[in-house]
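J.: Sequence:
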Amino acid sequence: MSAVRISAVVPNYNHQKLVPRALEALLNQPDPPDEIIAIDDASTDESFAVMKEFETRSSRLRVIRNERNMGVCATLNRGLGMASHPYIGFFASDDEVLPGLFAKARPMVEQHPDAGLVTGLVEWRCHSTGMTWYDGHQMPQERRFWTPDDLVRLGRQGRLATPGQPAIYHKAALVKAGGWIPELRWFTDCFGTWVVGFRQGVGFIPEVMSVFNLYQTSFYNAAKAAERREVMARFLGLLESQPYADVLPRIRASGLLGGFGTPMLRLVAPYPRRWNMVNYGFARRMGRRTAEVVGRTLFPPWLARTCLRVFYGRKTRPGSTAAGGGS
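Take 0 as the starting number for the sequence shown in numbering that gives the first Met the number 0 and just add one per residue.
A couple of the hints might just be wrong.
Label-pair distances were calculated between CB atoms; the ranges are [to be verified]:
id	residue 1	residue 2	range
1	66	282	25 to 35 Å
2	27	4	14 to 24 Å
3	144	83	37 to 47 Å
4	1	177	39 to 49 Å
5	174	143	38 to 48 Å
6	43	265	18 to 28 Å
7	20	68	14 to 24 Å
8	236	16	18 to 28 Å
Here are the simulated BS3-like cross-link-like pairs (lysine-lysine), alpha carbons at most 27 Å apart as the crow flies [said to hold, decoys possible]:
id	residue 1	residue 2
9	175	223
10	16	51
11	170	223
Calculated directly from the structure, the hints in this document are not laboratory data. For glycine and all other residues, C-beta sits at the position ideal for the given N, C-alpha and C.
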């Protein structure tokens, strides 16, 4: 039996119909997490009762309820504070981890116990359009540990991805990074993952580890463009602050900021001190992101699906014998 002890946190708000799938997926793992902390954020539906029924099935599962609605980030941070073990994953109640996630992650953690996180690929499913694509497929198809300098090199090549949905984090590293910073809202997982990864490296497993379900009601879809730009400005300002001075040069050199598209360019261009953020990697990612957004929003569905296959698709699932496409 592995000595790697892992906590799993499942935040939930008004997903009484979806949270059973998320909990079943965790409890039925061949090598499950050592504890599962499911937190209901004062839902107005029957979520809490549904979750409590699951609690009777396994001693690994603890179900708690926020006395008032605290929001996703605060709920995640509550779970982070309650977790008993040195490694931790966060799994949304409307998503699904695939069988074997923990069994595959534990050997990587054992080999590289100081890695900031261990992650793999994510299958995104947009339920309003029927589109499916993969996050992380552009990474080299090697099961290995990538140092912070390796990550910079992969970023410059346009091959870097560190999906947060299936990630197992080094808990102390995530706490040092500030946990899930509420002011960053939809981008808090991106910020935390980048900081932890560029400080302590990333273990990557080239297999699909989880499914990210994109619904109209998903937290991911909760913001308007102006709100996203405002939060993006906070993201950039925080990254430039003293606590993150050690990782800013690597993130800047990797070009990852270009993945935010033209809104990030608008935040960078007016300030000469930020001009060094615009490099080949930045331009490459910005162009790719812009093409993806235009394709998904302006093209008819059949053409949008074709574009997603070009940018993010594969003829088979990543990790199978036939390799395919990009991200």
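J.: Confirm or reject each hint.
T.: Okay, the hints, checked on the actual structure:
no.	hint	verdict
1	66 with 282: 25 to 35 Å	48 Å, violated
2	27 with 4: 14 to 24 Å	19 Å, holds
3	144 with 83: 37 to 47 Å	25 Å, violated
4	1 with 177: 39 to 49 Å	29 Å, violated
5	174 with 143: 38 to 48 Å	26 Å, violated
6	43 with 265: 18 to 28 Å	38 Å, violated
7	20 with 68: 14 to 24 Å	23 Å, holds
8	236 with 16: 18 to 28 Å	39 Å, violated
9	175 with 223	30 Å, violated
10	16 with 51	14 Å, holds
11	170 with 223	32 Å, violated
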